[in-house]
Amino acid sequence: LKTVLRLLLNDLKRDGKRPWSLLLLAALPLVLSVLIASVFGGQGSSGPMPTVHVAIFDQDKDLLTGMLRSLPTQGDAAKHLRLHFVESREEGLRLVEKSKVSALVVLPKEMTANLLKGQTNAIELYENPAEQILPKVVRQGVSLLALGLSGAAETLGEPLRDIREMIRTNDFPAEAAVGGAASASVQKLRGLRTYLFPPLVQFETVPAAQFMPLRTNAPAALPPP
Amino acid sequence: MSDLLLILLPGAMYFWILFIGQGPMQEVLQEWESRILPRILACPVTAGQYVLSKLLRCFVLCSLAALLLLLASALLFGLKWGNPLKLAAVVAAWAGSMTGLLALIFAFCHTREQANVLSPVVLMVCAMLGGSMFPYENLPRFLQLLGHYTPNRWAVLALQGVARAKPLAELVGPVAGLVALGVLGSLLGFCLFKRRLAGGRRK
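Going down the list, the protein sequences come from chains A and C. Using the working numbering, the first residue of the first sequence is number 23, and each one after it goes up by one. Using the working numbering, the first residue of the second sequence is number 5, and each one after it goes up by one.
Keep in mind the hints are simulated off the structure, nothing from the lab. It cannot be assumed that every hint is accurate.
[Claimed, not checked] Ranges of calculated distance between the beta carbons of each label pair, as one might list FRET restraints: (1) Leu72(C) / Thr216(A): 24 to 34 Å; (2) Gly177(C) / Phe219(A): 39 to 49 Å; (3) Leu149(C) / Glu109(A): 34 to 44 Å; (4) Leu75(C) / Thr216(A): 53 to 63 Å; (5) Leu188(C) / Ala49(A): 30 to 40 Å; (6) Ala92(C) / Phe219(A): 49 to 59 Å; (7) Leu45(A) / Asn120(C): 15 to 25 Å.
For every residue, glycine included, the Cβ atom is placed at its ideal position computed from N, Cα and C.
The following block holds chain C by itself, in its conformation from the complex (with noise of 0.2 Å):
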């Protein structure tokens, strides 16, 4: 059973992390829309450091929630993840990367249940390509190809890659791939909240 959870569950993993991560980020919504955070914005916070906070909590969220899935699945099932170092690495991309895609989804959304509608389209639609829901490599050719530009296809094959010890050139593409919608979406996702809640705009 070990071989088909070292298949299965790395794409569910991040699937369902994603949503442990969205609570920092509808929060941010619901404050906004309850007119919490014009009170929260009067004590000497800034939307900036109120903004980054919640990021670092979807980031702290979802590292502890990969972290606590791998120590029981490695408890349980005795799965192997390979050389921990390397784990560690990964696990702080798939928390950068889920943090910026959220980021991202709810920076757009202007209210909750834009967000509510938006995000779960968003995360199933990668979840289907990028092999989280059925194995990847049996869709269609053409949507492989989409599915390969998909941050839970670059998060399985990250973590498939330290837990069968493939060499660190296998792993430098995913991993960068996920970096990378870590670092731009966060700081995309930051400036578009923090000029949005330092405005004071609300629709």
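So that you can see chain A by itself, here it is in the shape it has in the complex (with noise of 0.2 Å):
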């Protein structure tokens, strides 16, 4: 053992002479994981989250899609998403080609309309090649919007369309009406009630160091359904 040691420390001390070559084969997973850190990584979680620009012609311009108009001003959404209405579609395809935004959201004529009477509907969507991630979140937000209008449009299409057309009128809504269709909406909305209120599915944010992923994480505190 002895030789074997001294064979070793002639060996160590000879690499101890001519450092530099080691240190920077050593020194290399540590830059190359900065950079690689630093290009997709950015500030980490501390760093800002990018603002979403989508252009959205509105051929529609009736009560659903002027719902959408309200959108990006209230919470989170007014911080993450600036919704650019145009008025053709080759305005909104030259804010796509100049990466003023990420996509273009085509919405068709008698939309509302048409959802109401239980009629198909096709979104049309142009997303900015020049960009990787923000226009697949515009598709994925279009494909939940989509179903999102759908399923309203299923689960309260009576007290919508009595909405509509109480807008539509231009005169002063009758209170019977206004009741009828408040009282319509509840009652739907109270079929609901096990699903949404408190919703079903809850989003919690859980520390990395405390992430179990084959665990369900769920809050102690959820009521039963």
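Put the complex together from the two separate chains, hints included.
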């Protein structure tokens, strides 16, 4: 063993006299990881969330699409979503080409009316090919929107039709009509109480160190449906 | 950035430290080819002692490089690597597995040229499958299955497990894999090298 240790010490002394190549190799993983983390991670979790710019060409201009206009002024959406309403498809595409927006969403004519009649609509989406992530975020958002609109039209179709008619008539609505629409809405929503109040699916922020991928992380206080 | 570094750094460290550990193993073949080895063995040194000293040197260099990187990343980027005792055990398992893997690769090669071709191929394939080059979770399912049996994957799981304070039961599997590779690889490499050097055959 003495001989082995002597040989080892001789070799290590030799390494110690010329450590630069070893140190350079040892520094490589750190340098490369920091570079990759800087490129893909930016400032990490403390960095600002990007704002998604979306061009909307609204050909419907009715009740449901009118609701869309108020979306980015509410809650977190106000910080992270900016809608640019355009007057023509060409204008929207120009914004995409100039990379001013991540995507152009074209809402079809008579969308609200068709939805309330139970007819199929097609929302067109033009993604900005120069961007990687944000257009996919918009695509997911539009899919969610389509699902939400479809669900809303199916569930609240009748009261929505009444409300739309009240808005379109330009007259002051009768008390009974307002009450009827409100009552019908509450009745419909009561049927969804199990799923929505409180929501059946909830989000919870868990510190990375406590994250257990194979467990549910269900909040203890969640009441049974 | 520290979260992302915690994901990227363990795999990259394991991959690059293997290149540091190659030095002693390459020296065995180099001294064998340049006929320095017979002169060393003419001294009161046996082939076994010579090979053992090279394996130990590989272990020491890999351990030092790993410790240096852990310390540097903690000081420069504030990474928290977890319990020092567990960390020391994982570093020892890392260095042992690197010694075993490199001893196996170099013991199967008869010339430096063979080793210079075979070694990067094996290390790169292990690195790609084991998540040292890109996230393991992004690999297709069948490659993940293969990658699960690479030392790189075990090394990443072990170090990330210590850093994230995972229960000991979750660390046992990857560390056991690393130790097994270290022990078996070193033993087999030692026997193959010793037999070849003691026999004096030169291809």
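So, going through the hints one by one against the coordinates:
Judged by the Cβ atoms, the range 24 to 34 Å given for Leu72(C) and Thr216(A) is violated: they are separated by roughly 58 Å. Our hint of 39 to 49 Å for Gly177(C) and Phe219(A) holds, since their Cβ atoms are close to 44 Å apart. About 54 Å separates the C-beta atoms of Leu149(C) and Glu109(A), a value inconsistent with the hinted range of 34 to 44 Å. Distance hint check: the CB atoms of Leu75(C) and Thr216(A) are about 55 Å apart, consistent with the given range 53 to 63 Å.
Taking 30 to 40 Å as the suggested C-beta distance range, the pair Leu188(C) and Ala49(A) conforms, at roughly 31 Å. Taken as a hint, the range 49 to 59 Å holds for the pair Ala92(C) and Phe219(A), whose Cβ atoms sit roughly 53 Å apart. In this structure the hint that Leu45(A) and Asn120(C) lie 15 to 25 Å apart at CB holds, the actual value being about 22 Å.
In this structure, the earlier hints numbered 1 and 3 are contradicted, and the remaining ones agree with it.
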